[in-house]
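K.L.:
For reference, the chains in residue letters:
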Amino acid sequence: MIEQIRNQARQLLENGEVDVVIGYAEGSDPTRTTPVFVRKPEDVDRLIYDARCINSLPLYLNKRHEYTKKGWKKTGIIGKGCDIRAITQLIAENQLRRDEVYILGVPCEGVVSHFEKWDGSLHDGNRASKCTDCDVMIPLDTDFFPGEKPEVDRSGPYKVTSPKVANLMGMENDQRFAFWRDDFDRCFKCYACREVCPHCSCNVCITDETTPSWIDPAAHKKGVFSWHLTRAMHLVGRCTGCGECTRACPMDIQVDLFNQRMKEIVQENYGYKSGYSLEEKHPLITYKVDDREDFIK
Amino acid sequence: MGKKIERHAFEPKIMAFVCKWCTYSGADLAGTSRMDYSPNVRMVRLPCSGRIDPQFMIKAFEQGADGVVVSGCHPGDCHYNEGNYYARRRNTAFRELMDFNGIDIERIEFSWISAAEAIKWTEVIDNFTDKVRELGPHAQYSDDVVDPYAEFLVQKDRETA
Amino acid sequence: MAKIGVFVCQCGNNIARTVDTAAVAKDASEQNGVVHVEDYKFMCSAPGQEMFKKAIKEKGLDACIVAACSPKMHEATFRKAAEAAGLNPFKVEIANIREQCSWVHDDKEIGTAKSKDLTHMMIERIKFNRPLERYVMPLTKRTLILGGGIAGIQAALDLANAGIEVHIVEREPSLGGNMARLSETFPTLDCSQCIMTPKMVEVLDHPLITVHAYAELQKLEGFIGNFRATILQKAKFVIDDLCTGCGECWEKCPFSVESEFEMGLVKRPIIYIPFPQAVPTVPVIDKTECPKILKDKCGLCAQVCGPDCIDFTQQDEIKEIEFGAVIVATGFQLMPNVYREYGGWRPPHMTPKKLTKKERAALPRSGAGRLVDVINGLEFERLASASGPTGGQIRRPSDGKIPETVVFIACVGSRDCNKGVEYCSKICCMYTAKHTMLYQHSVHHGKAYVFYMDIRAGGKGYEEFINRAQNEGAQYIRGRVSRLSKKGDKILVKGADTLTGQAVDVEADMVVLATAMVPQGDAEETAQILGIGYDKHGFYSEQHPKLMPVDSSTGGIFLAGTCQGVKDIPETVAQASAAASKVLALFSKEELQRDPEVAIVDQEKCMNCWDCVTVCPYLAIDRVELKDRNGNFRKWAAQVNPGLCQGCGLCNTACRSKSIELQGYTNEQVYAQITAFGGEFV
Ligand SMILES: Cc1cc2nc3c(=O)[nH]c(=O)nc-3n(C[C@H](O)[C@H](O)[C@H](O)COP(=O)(O)OP(=O)(O)OC[C@H]3O[C@@H](n4cnc5c(N)ncnc54)[C@H](O)[C@@H]3O)c2cc1C
Ligand code: SF4
Ligand code: SF4
Ligand code: SF4
Ligand code: SF4
Ligand code: SF4
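Chains as they are written, first to last, in our numbering: chain A, 11 to 307; chain B, 257 to 417; chain C, 51 to 732.
Extracted from the complex, chain A is given alone in its bound form:
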């Protein structure tokens, strides 16, 4: 499979159709992979693909990272199904044009949750939680796909609730509060969770804004609550579930649980799944007259 991708990448670079191919290469040690920007046809052999390819590359297509594609007209990118959902979402939000990317789709069987857990194979012990309910292992929108692309029925809801979310929802309010308070106690507002998110594309993030500063810049409890509630709110119906925010957090805070929970809410109430369609608007900027209002007096 990777040979086909390499050949296609080589051709694209040779005939100048793309200026760069973003993909994965071997990392600093055998358990790791690293993102790579291939610009010369002779370098395509560095490209690899296997279950260690966790990184969500569409981050680099986000306009905030424009420096990475200076002067590049068209970018080739290797995408797993979930990455391609992120690309679709970026296009739907007008952060990218479809004709600016060439998507080399790869069939995926899941990735490991952390490099450290890689022991040569992928199994239930090290599979990333986002991969358990994935319905895009055969990706959606691709320009190139190695081999025949089978038809997949994706009409259903996401299959399972993340066990961690279910676990939290099973708790009492206070326990849940205590869980987050303890977790958030560690947050020192480095904003890595924002920097790594493909959908945090704002030129000035609300938390860096000072007129007024809705989010208290200090890393005390209120400020941290406010940051995480805001971030999660901003990603309602937009997060495509790459899980990078959690993986990036130096303090091991599982911030993406918020996003996973909101994913369920949005799906249950509005039947919306992010990153599947270019036309559909995310649920907070649309409405139906008969939306749920059981909580309203």
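Do not rely on the hints blindly, as some may be mistaken.
In silico lysine-lysine, DSS-like type, Cα no more than 30 Å apart, as pairs [unchecked claim]: (1) C:Lys302 - C:Lys345; (2) C:Lys677 - A:Lys73; (3) A:Lys199 - B:Lys412; (4) A:Lys307 - B:Lys387.
To spell it out: a stretch of chain A is covered by chain B in this simulated footprint if at least three of its residues, at any positions, have a beta carbon under 8 Å from a beta carbon of chain B; those stretches are [said to hold, decoys possible]: (5) 224-232; (6) 262-276; (7) 279-293.
If you're looking for bench data, these hints aren't it; they were derived computationally from the structure.
Nothing here was measured: the structure is a model prediction, and the numbers come from that model.
Every residue, glycine too, gets a C-beta built ideally from N, C-alpha and C.
Fit chains B and C with the ligands to the supplied structure of chain A, relying on the hints for placement.
P.N.:
For chains B and C with the ligands alone, coordinates are given in the frame of chain A:
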């Protein structure tokens, strides 16, 4: 002199974000009709319930509110036609989010109140105040971990003032 | 440093009874930035306002809080006073301590504490109030009326008689719309043409009205007061100014096709006016049929035309005209496809697309389950009309026989969630009653049956009209018809009488369906050209269903007649006049003043996600390209058109990075208000 309002050991602080066409007018009508309702509420007048940002509610809690009221025109009556529909969605998501964080969503009250529903306004405020009084101070937000640097700035401010 | 003045009003005893206003004033005076306070009996009185103005001038106040009654009462008063004293009116805010404090709390201690708090919140808020200037925009005092039915005609006359220049764009060759098709009108049975034609002529002759007949609106740009319309004048192949309307050409034209105006009941020549009283009386050549245009054969009309006004080389023409307001009066059609359901024959022109000659020939004319003598209400109007195809004698389409028995079926397609529309078409009960009368006036021994669900006759003189129809002999049967089938040269109508619970079979010579009134087939495309909202049926949405029934969702565009919902003529005319008066009110000033409490965009911050564009109910936000100094594209950004923005603030909430803000309710203002929240009980 009018009748004394009963004072409890704990009086909740309540902040209301309301649209100016319906709820604010409804509250005005309660005044013109000389109804009375619990004095714990402070209102912020906004053009539309669709202008009510979750940021406001977060800030209100940070600022020591024990409860927050969000209110606007009934569905179909929005002055701008659709603002309250967006408000409804945003609040659905926001409540679920607060809930997932373990923050007590009983402390957020969402109600449709038209400009004629002065009685409903007084009932909503009275009942909600009673409820929050039951719940007690918003401990989740009140056991504050003060940021030492911020404290230092405040101190400096005071000295220079 | 801010210089804020706080004016606490006692409102006689209204506030002072339960609020210690002196304490509120004293407390306010201790707040940061407050340099002046007053505690006065009646702030809104003349002396109170004088004091207010004097303080602004003498103390050089740059912002004022009036702690008094609701802003709904006197915000405007104090803002005006401030303006007179040289302070920007948007630097005045009201703390509502009457309606929301003194009148609702009977305890003075508590009332005072709450008033202090409310005043604090306002003091903090006003520090972030920006001085705002009202937007002044030019106003083009010219009105575009789209559609020349009775609605368009009425609005045009009202406006022109008030001295406003009007342009009517009508896509058919003549004004008149559906009303021109009617024979006589309920509830008075006066002749439709007789009341309509004089109005049409008046329109044509009016010096302030320009009629663009046989024309379409292609594009509408701009906003209230400043629209720019692109009008496509379809080629008529006849020179307007020369034509005298003598009729030589259409009498001599050797070819003919089905007449749209007559609902396909008869034919018309290829160079034609739709009906004899057409206004303007200038014919047009149907270029899809004319052999001269298609293959350069014939050209007879040009030979017979006296003034020599036929020009086969004429081209479509594009006109660009500026307008200040638009009235949409595009009317309705009858639901096109219900014939099928009843086995009726569908005249070809009623199919959604225009058929080719071949397709048309292939359509069965009769037999095979297609019942030619099942017609709709408008066709019946034509049969009953003195100027119609049968000269006013009611004859059935298949063989021209005078029908002895006619069955009228009400609610065809209306109130029918499955095959039709959910709503009641409102006029069908009335015109069906009218039809039975017209029929019986014309065929004295004829029998008229009406199958109906309910009779809805809520109008002036309407119930009486129904009674009259029943007294004149029409037999009303409450129930639905299940099937129409052919029986000899008759139609067998199988129905049920739900009042007696019996089946009723009638052998009819002709069946008339009161088909549902629905929007024009292209209503949605037209709405998109205009940029206005429409409901799920395609009727145009009014801005507020109760309080603003003639405003569309877009400023400066008004609705008249059946394009907005089902209506009869009196209602249509009333709405048309209402729309005209709205335009007059808009045009009563020399220039347009817009409230400055509108949204603005920080374009450098904007990341062009267009979420604000999606939520804005007034399409007030444009997507613009920002250029650098050399004119090269730099970035996209949102931009608010203050002419359209209504100040709802939905965009502000939708924007994650808060790049768009509603002035008057900015983030800083609300933030300050929230952070000043003390919530002290006593
Ligand atoms: C069978 C029948 C009988 C009736 N009898 C009565 C009666 O007895 N009494 C009574 O009060 N009412 C009666 N009515 C109702 C009456 O006909 C309507 O209320 C009235 O005609 C509505 O007028 P209007 O101007 O809104 O629409 P219309 O008459 O439909 O006029 C709309 C005009 O706009 C033009 N137009 C449409 N789209 C465009 C476009 N995109 N660009 C340019 N021009 C466009 C059309 O060509 C048309 O000329 C009857 C209706 C029916 C169907
Ligand atoms: S990455 Fe972790 S520590 Fe940094 S801001 Fe996010 S949650 Fe806090
Ligand atoms: S919020 Fe987290 S999981 Fe969602 S898209 Fe952003 S980085 Fe990925
Ligand atoms: S957290 Fe919100 S404001 Fe900040 S970058 Fe992400 S989406 Fe934008
Ligand atoms: S929502 Fe905000 S960032 Fe997005 S286009 Fe509008 S102003 Fe710009
Ligand atoms: S304030 Fe309302 S009307 Fe104005 S631009 Fe924003 S969404 Fe549109």
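K.L.:
For the region 262-276 of chain A, do three or more residues have a beta carbon lying closer than 8 Å to a beta carbon of chain B?
P.N.:
holds (count 6)
K.L.:
Please count how many residues of the region 279-293 of chain A have a CB within 8 Å of a CB from chain B and say whether that reaches 3.
P.N.:
holds (count 3)
K.L.:
Do the alpha carbons of Lys307 (chain A) and Lys387 (chain B) lie within 30 Å of each other, as the hint requires?
P.N.:
14 Å, holds
K.L.:
Confirm or reject the coverage of the region 224-232 of chain A by chain B under the rule of 3 or more residues with a beta carbon closer than 8 Å to the chain's beta carbons.
P.N.:
The restraint on the region 224-232 of chain A holds, since 7 of its residues have a Cβ under 8 Å from chain B and three suffice.
K.L.:
Keeping to a limit of 30 Å between CA atoms, is the pair of Lys199 (chain A) and Lys412 (chain B) held or broken?
P.N.:
Given pair Lys199 (chain A), Lys412 (chain B) holds - Cα atoms ~25 Å apart, limit 30 Å.
K.L.:
For Lys302 (chain C) and Lys345 (chain C), compute the direct alpha-carbon distance and say whether it is at most 30 Å.
P.N.:
19 Å, holds
K.L.:
Starting from Lys677 (chain C), check that the Cα of Lys73 (chain A) is at most 30 Å away, please.
P.N.:
The hint holds at about 18 Å.
Consistency with the previously given hints is maintained throughout, with no hint failing.
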